[in-house]
Every structure is written in C-alpha cells, then in structure tokens.
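S.K.: Next come the chains, spelled out residue by residue.
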Amino acid sequence: MKGSTLAMNKNKFVYTAFLAIAFAATFTACKDKRSTGLEYARNMYDPIALNPDQPVDTAHVPSFKGHAAQLPPANTKPVGFTEYDEYPNTKEGYEAAGVSMVNPLPVDTINLADGKHLFTVFCSPCHGEKGDGQGHLVKIEKFSGVPAYQTGASSRGGNMADLTPGKIYHTITYGVNNMGSHASQITPTDRWKVVMYVQQLQKGQ
Amino acid sequence: MRDISMILKSVWKSLFLFSAISVIAVSTVNAQDAKEGRTLFKAKCSSCHALDAKLVGPALTGVTDRHSEEFLLKWIPNSQALIASGNPEAVKLFNENGKVAMTAFPELDEAKVKDILAYIQEGEPKPAAGAEGAAGSASAKDEGTSGLSLAGIIAIVIVAIVILVILGRASKLLERLILQKQGIEMEEDVPLKVGVRKMFKNKKFVMFFILCLIIALGSFGWMGMWNTGVHTGYQPVQPIKFSHELHAGINQIDCQYCHNGAFKSKNATIPSLNVCMNCHKAVQARDKYDGEISPEIKKIYNALGYDPETQKYDESKSKPMEWVRVHNLPDFAYFNHSQHVVVAEDAIRKAKGLQPTEPVCFACHGPVNTMEEIYQYSPLTMKWCINCHKETDISGQKNNAFYAKVIEAHEKIKKGEKITPALLGGLECGKCHY
Numbered sequence: 001m002k003g004s005t006l007a008m009n010k011n012k013f014v015y016t017a018f019l020a021i022a023f024a025a026t027f028t029a030c031k032d033k034r035s036t037g038l039e040y041a042r043n044m045y046d047p048i049a050l051n052p053d054q055p056v057d058t059a060h061v062p063s064f065k066g067h068a069a070q071l072p073p074a075n076t077k078p079v080g081f082t083e084y085d086e087y088p089n090t091k092e093g094y095e096a097a098g099v100s101m102v103n104p105l106p107v108d109t110i111n112l113a114d115g116k117h118l119f120t121v122f123c124s125p126c127h128g129e130k131g132d133g134q135g136h137l138v139k140i141e142k143f144s145g146v147p148a149y150q151t152g153a154s155s156r157g158g159n160m161a162d163l164t165p166g167k168i169y170h171t172i173t174y175g176v177n178n179m180g181s182h183a184s185q186i187t188p189t190d191r192w193k194v195v196m197y198v199q200q201l202q203k204g205q
Numbered sequence: 001m002r003d004i005s006m007i008l009k010s011v012w013k014s015l016f017l018f019s020a021i022s023v024i025a026v027s028t029v030n031a032q033d034a035k036e037g038r039t040l041f042k043a044k045c046s047s048c049h050a051l052d053a054k055l056v057g058p059a060l061t062g063v064t065d066r067h068s069e070e071f072l073l074k075w076i077p078n079s080q081a082l083i084a085s086g087n088p089e090a091v092k093l094f095n096e097n098g099k100v101a102m103t104a105f106p107e108l109d110e111a112k113v114k115d116i117l118a119y120i121q122e123g124e125p126k127p128a129a130g131a132e133g134a135a136g137s138a139s140a141k142d143e144g145t146s147g148l149s150l151a152g153i154i155a156i157v158i159v160a161i162v163i164l165v166i167l168g169r170a171s172k173l174l175e176r177l178i179l180q181k182q183g184i185e186m187e188e189d190v191p192l193k194v195g196v197r198k199m200f201k202n203k204k205f206v207m208f209f210i211l212c213l214i215i216a217l218g219s220f221g222w223m224g225m226w227n228t229g230v231h232t233g234y235q236p237v238q239p240i241k242f243s244h245e246l247h248a249g250i251n252q253i254d255c256q257y258c259h260n261g262a263f264k265s266k267n268a269t270i271p272s273l274n275v276c277m278n279c280h281k282a283v284q285a286r287d288k289y290d291g292e293i294s295p296e297i298k299k300i301y302n303a304l305g306y307d308p309e310t311q312k313y314d315e316s317k318s319k320p321m322e323w324v325r326v327h328n329l330p331d332f333a334y335f336n337h338s339q340h341v342v343v344a345e346d347a348i349r350k351a352k353g354l355q356p357t358e359p360v361c362f363a364c365h366g367p368v369n370t371m372e373e374i375y376q377y378s379p380l381t382m383k384w385c386i387n388c389h390k391e392t393d394i395s396g397q398k399n400n401a402f403y404a405k406v407i408e409a410h411e412k413i414k415k416g417e418k419i420t421p422a423l424l425g426g427l428e429c430g431k432c433h434y
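Chains as they are written, first to last, in this note's numbering: chain A, 1 to 205; chain B, 1 to 434.
Please keep in mind that the hints were generated in silico from the structure rather than gathered at the bench.
Any given hint could be a false lead.
As a list, the in silico DSS-like pairs of lysine-lysine whose alpha-carbon atoms are at most 27 Å apart [unchecked claim]:
(1) B:K288 - A:K139
(2) B:K350 - A:K116
(3) B:K181 - A:K12
(4) B:K201 - A:K142
(5) B:K74 - B:K54
(6) B:K398 - B:K264
(7) A:K77 - B:K264
(8) A:K116 - B:K398
(9) B:K92 - A:K142
(10) B:K35 - B:K99
(11) B:K193 - A:K10
(12) B:K193 - A:K142
(13) B:K201 - A:K10
(14) B:K92 - B:K312
(15) A:K130 - B:K181
(16) B:K114 - A:K139
(17) A:K142 - B:K35
(18) A:K12 - B:K99
(19) A:K116 - B:K204
(20) B:K92 - A:K139
(21) B:K35 - B:K288
(22) A:K91 - B:K193
(23) B:K298 - A:K142
(24) B:K288 - A:K77
(25) A:K139 - B:K112
(26) B:K264 - B:K352
(27) A:K10 - B:K92
(28) B:K312 - B:K298
(29) A:K116 - B:K319
(30) A:K77 - B:K319
(31) B:K99 - A:K91
(32) B:K42 - B:K288
(33) B:K193 - A:K65
(34) B:K288 - A:K142
(35) B:K266 - A:K65
(36) A:K12 - B:K198
(37) B:K299 - A:K65
(38) B:K319 - A:K10
(39) B:K201 - A:K12
(40) B:K181 - A:K142
Quick caveat, the model's predicted, so the values are computed rather than measured.
Pulled out of the complex, with its shape left as it was, chain A reads as follows (with noise of 0.2 Å):
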C-alpha cells in the first residue's frame, strides 16, 4: 500500500517538475513583437519636447493642430538657408536659370568625389551609374524613359550632353516630367556638387 502511494508520488512528480519547466519556458520565450515588452519609467521615452514624426498633443501646442512636422514660420528661414525662387518652376525660369546661373563652386576633386557620392545615393537608382539612364530601376521596369546623358533628347528641347548647369540645377530642384523635386532631400550646396559631376557625365567622363 505504501509502496503504491510513493510509486503515485513519483509519478506526480515527473508530470509536475515537467509541466512547470514547459510553462517557465513556454511563457518566458513568449514574446509579442508588437508590444515593447515591460518597461519601466516609460515616460522617460516619451520626451516633453516635440518627438520629431510623432503626433504631438493639442493641449500642448494648440497651433500645431496634432504633429511636429511643421514649415517654418512666416517671414523666418532657418540657419543657413539658401532661398531660390528667383527662377520659379516654369519654361521661362527654366531658360534664365540656364543662362544666369553658375556653378558657385570651385571644380576639385573633393567636390567631385561629394557630387559622385550625392549622384549614386539620389540619381544613379534611375540614372544609372553612369549617367546612362539604365538605373537599376529602369533595368527591372519599375521607371522607364530615363534619357541618358551623353546621347539622350532633353524634353525641353536640346541634347541632354549641351545642358548648362543653370539648368541641371532647376531640373533637380523642382524635377520634370515623372522625376520629382529633390530639393528638400539635397541642399542648394550638395545641389551643385550634383551638378558638377552630372556635368563629368555628360562629356563622357
């Protein structure tokens, strides 16, 4: 009889010691990639000072109707700041941009080797590393009439090799046809790093 009691026991045991590591384990590997998991003091990562991207409450700034991303107020700019809306985005700003403006910076290989940086990174997806227009993105047919630049027809008349840097400049800020402004994404300066490389490309270089 005892020895029944004790066999019950040891058996017991073994379900128990077996069941209570499985659920440890079960439920300490557990782990919802959706939540941030436990965490203390969570309002030491959620700063007071506006969290850039993320909504802001309307009690706290009533002005900025719900999000951080804000223009600038009127009549400031921020530090640094290049304005250019002297050759506004038409046909007519497009040609006195290519006549008037120059490149302000010096030709050297540091600029050049910023401008082939800047052109891979924004450009060379469509482009092609080459000036070409076989960018990666044309070879897999997600963006296509791409003109290249040694032997393509610009849109706006004119071979793509004889466009001044005025009007490489325009293009890249406000963009043509399906290519988009990239003026929020380069500074007016890396702008004319651009140029001055695309302008290598053109001559074939």
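Fit chain B to the given chain A structure using the hints.
M.R.: Showing chain B alone in chain A's frame:
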C-alpha cells in the same frame, strides 16, 4: 440534374477558353510589332505617359479609338507643328491637357509610330496565370508564419500534456492489474475534489509545489528584469505596409535617399511624403491590383490630398502619416546618427565586418534589405553601446578631421605649447546648452 448542369458549365468554360486561346494565337501575328513598340514606348513615351494612368500626359489605352491613325502619325513626331498649322483636333487636344507641350520625336518614322500604336492596342503582355497563382499562394504562406510558430508551440505543449495523461492512466491500470494478480485489491479512484484536498495535505507534494512555483516565478522574474526596457525585435504595425525588403532590397535604393538626415544630423529622419511621391507619382503597382492603384500607395495619396486623376494636391484634405516609432531611446540618452555614419564609418565597418556593398547602417539596424516589416535589430541598451565603444579600433583613421584634431592637440601638449578648452571644441553651443 445538378451534375449535368455542372458538366455543361465546364464544357462551356473549355469552349470559351479554346476560343480565347485561338484569338490570342491569331493576334500573335502582331506580337513582333507590339514587342518592338513596347521597347520604343518604354524609351520614348513612358517618362510622360502610361497605358492606364494619367501621368504628365493622358492615359494612352484606347488612343487609337479616340483618334485616327492618320492624325496620330502626324501628332506623335511633331505635335507643336500640327497645332501651329491650326488642325482643330490638335488644338482641342492641346487645350484639353493643360497646354503642356509634348516633346517632338522627329526620329520616330511611320513604321516606328505604328509599332508603338500596336503595343498600345495590345496592352502590356500578361504573365502566365499559373505563375501568378503560385506566387500568390507563396506570399500567403509567408504572412502566416509568425502566427503559426506560436500556435505550433502551444499545440506541442498541449499534445505533450495529453500524452502524459494517457501514459499516466495506462501505467496506473497496469499497476492495478499487477497488484490484482498478486491478490491485493486497490481502492477505487477517489473523486477529483477529495483527491486534490488529499494532495494538499501531503507535505511532500506541498513542498514540491512550492519549489515549482519558486522556479517558475524566478524564471519569469529573471527574464523580465533582463528584458525590461529592451525593445529588441519590436515590430509595431505601421499605418502603411512599407516593405524595406522591396525598397532597399529588390529596388536597391540607398538608405540615404529617404533617411538623408542620418548623414547630416542627430536624427535619421522619417521621410516626408513628398519623398515617396518622387517615385510613386508614377509607380502605382497597377499590374498587381487588376489595373487599380495599390491600396498602400493610395494611402500616400489620401494623406497628401492628392488626386491621381487630375494630379493636383488639395492641402485642405491632407493629414500627416502617423508612423509608429520603432527605435526609441530614453530622453536621457544622447545619440547622433551623423557622428556614427559619417565620422566613424570606416571604424564601424571594420569592427562589424561589413561588406563594401552593405551600407554602414546595417551595423546596428541589421539586414534591413531583408525585412518586409521593419523591426528593432539591436537592443540599444547602455551595455550594448558601451561594449561597442570599448571594442571598436579607431587607430589608423585617415582623413578623419575629428581624430586629426585630437592628435594635433596632443602634439601641442607634447611641445609644451599653450592649449585652451576652445581649441578642443569647448566653444560648441551644445557643450553647455543642451
């Protein structure tokens, strides 16, 4: 009766299929022209036109029904000349489309224009239906994986418990049979309630139960404390199903194209929607949604108040996209992206063993180009930062202005020259005004 109608239906279906196939077979006579036309269309027209969507110019499907071939043969090579000659159809078309002048294509002769028109008439060649179905089922499989793995674990645990219970019952029965053979009668099963009460009176069992509880709680506590505030693997649901696998992986767009703040400032920045529109004004993935704009791309349009038909923005309808922040440092920790990806790029690449083709961002953000949904790859804990700062070798840095300055200061100290905090960057605003 039902069977017969089913058979009839399938006969009709096969007949229809047959006739469709024969129509396609006949039309393949034109295929070569259309193929040639497709190449020409992609090279010459597609920067302003699409078949089934308005871009800069109108959608071109059905253009041969709207205009005569004779007119199109004159219009396409030089539309401006045709307008100048006072052709009423040309003037009307010009005015209807916002007076945007179409580029002249003198290089397109009659045969080439006819090829392009053949392509427009045929439309985009459809991929084989079988391949599409297979791809669809594969993607459906992919989506279910994470839910499945969790369900799988639970199922395994349940099955294990069931097997144990059954084995327990069986062994009990065998035991009883053996005892019966030996002539010892065993008491019948006691009701569960009484059994449980009896169990809790058993000191050994209570001891064991408490031990199990301690192990379980200890394990919970240990894991909980180690993972408090560690967001590794955090993968919130975003308002748009943006796939980094598609954009950074398949399309090979550089991280900096969208997150260009990472190279200039503290924040990597989430791109504003105008950056999306640089491509998605034209890329609408209509081929995957039966000619409709992809619902995810439509969310961009809705957020901007953009109407793809008129290509106009209505600011009164725009509302910002509320992305859910994945990587979030507590307020008391300062981290600067540009310091790491620009100044320290070479050192980080070497320390983390990145391939030259991989962006430096992968060092901390992991293989983003394979993440369909973005998740936090690194723990971003203090220990993680400190370990990297302890182990990364920064000797032999070339063209690094930051370390050059440090070396310059050391040279001055060695020579016994005067050195001030200002020389070591002590006048930077951020040193005092945070």
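S.K.: Hint by hint, note whether the structure agrees.
M.R.: Each hint tested on the structure:
For the given pair, K288 of chain B sits about 19 Å from K139 of chain A by alpha-carbon distance, which is consistent with the 27 Å threshold. For the suggested pair K350 of chain B and K116 of chain A, the alpha carbons sit about 23 Å apart, so the restraint of at most 27 Å is met. With a C-alpha separation of about 24 Å, the suggested pairing of K181 of chain B with K12 of chain A holds against the 27 Å cut-off. For the proposed pair K201 of chain B and K142 of chain A, the alpha carbon gap of about 74 Å is over 27 Å, so the pair is violated.
Only pairs whose Cα atoms come within 27 Å are accepted, and K74 of chain B paired with K54 of chain B is accepted, the gap being roughly 22 Å. As the CA atoms of K398 of chain B and K264 of chain B are separated by approximately 20 Å, the hinted pair is consistent with the 27 Å bound. Distance check on the hinted pair: K77 of chain A and K264 of chain B sit about 18 Å apart at the alpha-carbon level, within 27 Å; holds. With a CA separation close to 20 Å, the supplied pair K116 of chain A and K398 of chain B stays within the 27 Å bound.
For the hint linking K92 of chain B to K142 of chain A, the alpha-carbon distance of about 32 Å lies beyond 27 Å, and the restraint is violated. Of the pairs offered as hints, the one joining K35 of chain B and K99 of chain B is violated, with about 31 Å between alpha carbons and a cut-off of 27 Å exceeded. Simply put, K193 of chain B and K10 of chain A have alpha-carbon atoms about 21 Å apart, close enough for the 27 Å limit, and the pair holds. Using a Cα cut-off of 27 Å, the hinted pair K193 of chain B and K142 of chain A is violated, with the two alpha carbons roughly 69 Å apart.
Only pairs whose Cα atoms come within 27 Å are accepted, and K201 of chain B paired with K10 of chain A is accepted, the gap being roughly 16 Å. The suggested pairing of K92 of chain B with K312 of chain B holds, with an alpha-carbon distance near 22 Å, which does not exceed 27 Å. Distance restraint check for K130 of chain A and K181 of chain B: the Cα-Cα separation of roughly 92 Å exceeds the 27 Å cut-off, and the hinted pair is therefore not satisfied. Between K114 of chain B and K139 of chain A the CA atoms are separated by roughly 25 Å; this keeps the pair inside 27 Å, and the hint holds.
For a cut-off of 27 Å, the pair hint linking K142 of chain A to K35 of chain B stands: about 18 Å separates their Cα positions. Between the alpha carbons of K12 of chain A and K99 of chain B the distance comes to roughly 87 Å, so the proposed pair goes past 27 Å and is violated. At most 27 Å may separate the alpha-carbon atoms for a hinted pair to count; K116 of chain A and K204 of chain B exceed this at roughly 77 Å. Taking the CA atoms of K92 of chain B and K139 of chain A, the gap is about 37 Å. The hint is violated against a cut of 27 Å.
At roughly 21 Å between alpha-carbon atoms, K35 of chain B and K288 of chain B fall within 27 Å of each other, so this suggested pair holds. Taken as a hint, the K91 of chain A and K193 of chain B pair is broken in the structure, with Cα atoms around 90 Å apart against an allowance of 27 Å. This hinted pair checks out: K298 of chain B and K142 of chain A have alpha carbons roughly 17 Å apart, not beyond 27 Å. As the CA atoms of K288 of chain B and K77 of chain A are separated by approximately 43 Å, the hinted pair breaks the 27 Å bound.
A hinted pair counts as satisfied when its Cα atoms are at most 27 Å apart, and K139 of chain A with K112 of chain B qualifies at roughly 22 Å. The hinted pair formed by K264 of chain B and K352 of chain B meets the criterion: a straight-line CA distance of about 22 Å does not exceed 27 Å. Taken as a hint, the K10 of chain A and K92 of chain B pair is broken in the structure, with Cα atoms around 95 Å apart against an allowance of 27 Å. The straight-line distance between the Cα atoms of K312 of chain B and K298 of chain B is roughly 14 Å, inside the 27 Å bound, and the hint therefore holds.
This hinted pair does not check out: K116 of chain A and K319 of chain B have alpha carbons roughly 36 Å apart, beyond 27 Å. In summary, the hint linking K77 of chain A to K319 of chain B is supported, as the alpha carbons are separated by about 24 Å, within the 27 Å threshold. Under the criterion of a C-alpha separation no larger than 27 Å, the hint pairing K99 of chain B with K91 of chain A is consistent with the structure, at around 12 Å. Of the pairs offered as hints, the one joining K42 of chain B and K288 of chain B holds, with about 19 Å between alpha carbons and a cut-off of 27 Å not exceeded.
Between K193 of chain B and K65 of chain A the CA atoms are separated by roughly 62 Å; this puts the pair beyond 27 Å, and the hint is violated. The straight-line distance between the Cα atoms of K288 of chain B and K142 of chain A is roughly 13 Å, inside the 27 Å bound, and the hint therefore holds. A distance of roughly 25 Å separates the Cα atoms of K266 of chain B and K65 of chain A; the hinted pair therefore holds under the 27 Å criterion. In summary, the hint linking K12 of chain A to K198 of chain B is supported, as the alpha carbons are separated by about 13 Å, within the 27 Å threshold.
Simply put, K299 of chain B and K65 of chain A have alpha-carbon atoms about 20 Å apart, close enough for the 27 Å limit, and the pair holds. Using a Cα cut-off of 27 Å, the hinted pair K319 of chain B and K10 of chain A is violated, with the two alpha carbons roughly 66 Å apart. Distance hint between K201 of chain B and K12 of chain A is fulfilled; the C-alpha atoms sit about 15 Å from each other, no more than 27 Å. Between K181 of chain B and K142 of chain A the CA atoms are separated by roughly 81 Å; this puts the pair beyond 27 Å, and the hint is violated.
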